[in-house]
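Protein chains in written order, with our numbering: chain A, 1 to 150; chain B, 151 to 401; chain C, 402 to 1018.
Simulated from the structure, these hints should not be mistaken for laboratory data.
It should be emphasised that the depicted structure is a prediction, and the values quoted were computed from it without experimental measurement.
Take these hints with a grain of salt, some might be off.
To be verified - Some chain C residues judged to face chain A by a derived CB distance under 7 Å, without partners named:
(1) Gly701
(2) Gly716
(3) Pro981
Unchecked claim - List time: in silico BS3-like cross-link candidates among lysine-lysine, alpha-carbon distance up to 30 Å:
(4) A/Lys106 x C/Lys1002
(5) A/Lys96 x C/Lys962
(6) A/Lys144 x C/Lys989
(7) A/Lys144 x C/Lys1002
(8) C/Lys990 x A/Lys96
(9) C/Lys695 x A/Lys61
(10) C/Lys950 x B/Lys282
(11) A/Lys141 x C/Lys962
(12) C/Lys652 x A/Lys61
(13) A/Lys61 x B/Lys282
Claimed, not checked - Restraint ranges, calculated between C-beta atoms of paired labels, are given here:
(14) C/Lys937 x A/Thr11: 51 to 59 Å
(15) B/Pro232 x C/Lys937: 32 to 40 Å
(16) B/Pro205 x C/Gly535: 47 to 55 Å
(17) C/Arg450 x A/Lys132: 15 to 23 Å
(18) A/Thr105 x B/Asp273: 50 to 58 Å
(19) B/Ser243 x C/Asp894: 33 to 41 Å
(20) C/Ala463 x A/Thr105: 41 to 49 Å
(21) A/Pro143 x B/Cys290: 42 to 50 Å
(22) A/Thr11 x B/His242: 56 to 64 Å
(23) C/Gln997 x B/His242: 52 to 60 Å
Ideal Cβ placement from N, Cα and C applies to all residues, glycine included.
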Amino acid sequence: MDAQRLDSILTRYDCDPWDLIPVLQDIQDSYSYLPKDELQEVSSRLNVPLTQIFSVATFFKMFSLVPKGRHQVKVCLGTTCHLRGGARLVESLSNKLGIEPGYTTKDMQFSLETVGCLGSCAQAPVMMVDDKYFGRSSVDKVPKILKLYK
Amino acid sequence: MVWKITDEIFDTMAGEVRLTINGFSAQAPQDQSLLVTLRQQGIDIPTLCHHSDLPSEGQCRLCVVEIGEWPRTRIVNSCTYPTEGGLVVQTHSERVLQARAMVLELLLARCPNAKVIKDLAADHGVHESRFKTDDPEELCILCGLCVRACRDIVGVSAISMKGRSPDKQVATPFLEQSAACIGCGSCAFICPTNVIPYTEKDGIRTIWGRNFELQPCAKCGNYIAPKAQLEHWAKLTGDPVESFYTCRDCR
Amino acid sequence: MPRFESVDHLREYRRQLMARLDPKQPQVLVCAGPGCLPMGSDEVAAAFREELQKNGLEGKVALKECGCQGLCARAVKVLLRPQEIAYQHVTPEDVPEIVEATLKNGQVVERLVYEDPETHNRLACKADIPFYKGQQPVVLRKLDIIDPESLDDYLALGGYRGLRKVLGEMSPDDVIDAVTKSGLRGRGGGGFPTGRKWRICADELEEVKFIICNGDEGDPGAFMDRAVMEGDPHAILEGMIIGGYAIGASKGYIYVRHEYPLAVKRLARAIDQAREVGFLGPNIFRSGFGFDIKISRGAGAFVCGEETALIASMGGFIGEPSPRPPYPAQHGLFGQPTIINNVETWANIPEIINMGADWFAGIGTEKSKGTKVFSLVGAVNQTGLVEVPMGTSLKHIIYDLGGGLRPGREFKAVQTGGPSGGCIPSQFLDLPVDYDSLQSVGSIMGSGGMIVMDDTSCMVDVARYFISFLYEESCGKCTPCREGLKHLLFFLDEIIAGRGEMAHLDLMEELCATMASASICGLGQSAVNPVRSTIKYFREEYEAHIRDKKCHALVCRPLLKYTIDPETCTGCLACVRECPVGAISGLKKEAQELDQELCVKCGLCYEACQFDAVKVE
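Whole structure, please, built from the sequences with the hints as guidance.
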């Protein structure tokens, strides 16, 4: 457990039980996943049962109990993106990276996931790598986009 | 609005209200759920996720009733709906029976070998399901009674719900042995479909993948409960744990 | 900026601010809204910054990155004021020409302005463009005028005048009366009369109450709340503070969806600004009323758009809804009376106070007052956020504002209200868009999503898409929704795979009846709409899939057949590289062959082919 890193997160809060989700969000953002040891510490510091933390960690899509890759590739499967070929985009990325959505490449470089709607429907189909949006994406643009991050 | 407000409503005992149930006028205490009121009136309302010692969650949808007057009626679960003055309730209308039958048909598809589901379904005219079964051995209906009992009655919260719809399941944290579990078996006891396995052999109770040493009575030698459970009671009451080493019969 | 200790202080500050402003000052507004941001609006803005500096214009021309300007398909957009010249498809390379020609010499760069698809006339002025002409912006009004990070800009347009009026002249009851009289209904989808909700909460005798802004915009295809949170954050704050005063709350929360980090940033900045000048704090304008706002981030769950699930997650629990009653207005966050309203609802409040309830009630229809923001996307020529009076017809929105369908395509359906909405066919194009009319044809207003579909959409696929989405997002607590969605999805998949039976349609209808009546929350209850509406209005498509095993829209893969035309194939091997199962083979520079046995019908070869040699039927 990275006690120092966790402490720097917990000091931002009063550590009331209802701070649970913001605390977990900060841990997810900082560590790129939720390590078990850290969660056990959060349980005692916030006085929240570990079972509740486990429920929350498995209920909300942003949380991961396993480490994610260095780059998060997110493909929007909102309605417009779906109608404009979003599924093919996912498949193409899946083929190129060699992983299914929800997984991370062996070299821990890329994680692939599909998301509900990124709110940029006019540029469908949309994908994101980390914080950068790629609007009007298409299957033939995929190799170029991935190259930027390799 | 679903109620008729008239002076009649208030012409009752203090704390009681008048409502219409299946066409008949009835009087009932205000601060209880509609389910309790209906059962007090002798009406049979099926439930699966309800327990009198636990706050209701409205999960199973079997206790649904139809409130209001046509065409503005609503289907609501009676276990959380309050007993309101002026309420018009139908407990076995066509819509209600259809809803209950469909819920049971869905549960029957999910757990075709759960006796309590089969029986309840048969009571509602459902003898087989038109929906597919994923796992014929499945017995859990995700009613959440085990989770709630462990959290609210026992107070240790050793199990909880994992995930959402597609693969929701009752689980221990990280699917490993739950450190908080005291082996009391309340979850298994309260489960309507008997899905939680626990075994006892040679003074060891095994539940949720953990072995618990059972404490024998200091007087008669019969097993009382897991040591861990007695230690939990000792912590709660502040009494020494040895004071729990006598079984109820020997006290 | 000073701290505003009284309403008079604010009035005076604004007077001085307005005196300083030059309405003739040239302004360059680069749209940085949800449509333009992914297309490089920040690079366009940077190019302007550089170019203005190079030409010595930085002090004279104001450059702003503003909120959504609509017409999102024409990103990146730049609006020049005061002439209101609207440039489209602007790239950083175009910027020097714009600065030289328009800013320095007052000439329009023709190739960058809107071109009417029929007359081919070039329309440089925003007010002439049909997309904008038919709108009545109230909530969106400030988006292409202000810099969302500038409090002065907000004040200059009348910002916080509503709060001034409320704390200076009105009682909490006056505020509730005004909101009730306006006829405002919840814009998040429920459509519940806002004033009535506030009255119920105000009447609760509890000391501690809360205000929540529901910014968990989860409907795919909807981004109006995002545009307002990013483009006009203070409007939301002002609305919430007024609401807090009305019901007697001193704390507010804005629950922002996890996928909107920029919205979180803008709102946080606005909150800081408001605190600095005294719009938030213990004693606003020395009125005795205190209010503060915190941001709460969603964690990725569509179901948390439902009030009770949202409240549960704010308490640190999973987002499982609870049966109602009790309603949040009586028993909400931490068990206290709570008002939850949607972003757009809150953004309407300042205007209702400023312009008066009668003004608002004068817009719209008898039962649906005011305007509504719709996110018009899909198969139309002009996409983007539009704001029109309630009661405007679908036809006007889709054809006059949206410019009709893309060339060569026919209108098939418009889906309103997000995944819980229904698909509306062409026979209802004259339908006035309001809460009750949409419900009467089997759809809902929802948050305002309006997805236009043409003949390239398969309605069975559309239904399957929404059910699949809802199934993944369902919390799983109650049987009708969890199990019901699972089976609806199964039947739809069977139909798409060519294994459907007519009996499936009847069974789905029966299942829908129970889901609609017995699910705990709106997710399960409204999940039936996509299925019911498509079976009702597009039954022939279902029958074609079931009886003929054909998908005429060429969407449902299992029913498609891909072939390579040997006449047109050049042997470039682009398709071979894309094929995930190696079903295509052949020598380089010679016609390729597609093995039907191996083909998984993914269509990647069809996408990859530059020569139209891959055929599908």
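Cross-check of the supplied hints:
With 7 Å as the threshold, the beta carbon of glycine 701 of chain C comes within range of chain A, its nearest partner Cβ sitting at about 3 Å, so the hint holds. Contact between glycine 716 of chain C and chain A, as hinted, is supported at the beta carbon level, the nearest pair being about 5 Å apart and thus within 7 Å. With 7 Å as the threshold, the beta carbon of proline 981 of chain C comes within range of chain A, its nearest partner Cβ sitting at about 5 Å, so the hint holds. Between the alpha carbons of lysine 106 of chain A and lysine 1002 of chain C the distance comes to roughly 28 Å, so the proposed pair stays at or under 30 Å and holds.
The suggested pairing of lysine 96 of chain A with lysine 962 of chain C holds, with an alpha-carbon distance near 24 Å, which does not exceed 30 Å. Our distance criterion of 30 Å between C-alpha atoms is met by lysine 144 of chain A and lysine 989 of chain C, whose separation comes to about 24 Å. Taken as a hint, the lysine 144 of chain A and lysine 1002 of chain C pair is honoured in the structure, with Cα atoms around 25 Å apart against an allowance of 30 Å. Our distance criterion of 30 Å between C-alpha atoms is met by lysine 990 of chain C and lysine 96 of chain A, whose separation comes to about 24 Å.
Distance hint between lysine 695 of chain C and lysine 61 of chain A is fulfilled; the C-alpha atoms sit about 23 Å from each other, no more than 30 Å. As the CA atoms of lysine 950 of chain C and lysine 282 of chain B are separated by approximately 22 Å, the hinted pair is consistent with the 30 Å bound. Restraint check for lysine 141 of chain A and lysine 962 of chain C: the C-alpha separation of about 25 Å stays at or below 30 Å, so the hint holds. For the given pair, lysine 652 of chain C sits about 28 Å from lysine 61 of chain A by alpha-carbon distance, which is consistent with the 30 Å threshold.
Our distance criterion of 30 Å between C-alpha atoms is met by lysine 61 of chain A and lysine 282 of chain B, whose separation comes to about 28 Å. Evaluation of the 51 to 59 Å hint for lysine 937 of chain C and threonine 11 of chain A yields a pass: the beta carbon distance comes to about 57 Å. Taking the beta carbon of each, proline 232 of chain B and lysine 937 of chain C are about 37 Å apart, inside 32 to 40 Å as hinted. Under the hint 47 to 55 Å, the C-beta atoms of proline 205 of chain B and glycine 535 of chain C, about 52 Å apart, fit the expected range.
For arginine 450 of chain C and lysine 132 of chain A, the Cβ-Cβ distance of about 20 Å falls inside the hinted range of 15 to 23 Å, so the restraint holds. Our hint of 50 to 58 Å for threonine 105 of chain A and aspartate 273 of chain B holds, since their Cβ atoms are close to 54 Å apart. At roughly 34 Å, the beta carbons of serine 243 of chain B and aspartate 894 of chain C sit within the given window of 33 to 41 Å. Between alanine 463 of chain C and threonine 105 of chain A the beta carbons are some 46 Å apart, a value that agrees with the proposed interval 41 to 49 Å.
Distance hint check for proline 143 of chain A and cysteine 290 of chain B: the Cβ-Cβ separation is about 46 Å, which falls inside the suggested range of 42 to 50 Å. For threonine 11 of chain A paired with histidine 242 of chain B, a C-beta distance near 59 Å keeps the hint of 56 to 64 Å intact. In this structure the hint that glutamine 997 of chain C and histidine 242 of chain B lie 52 to 60 Å apart at CB holds, the actual value being about 56 Å.
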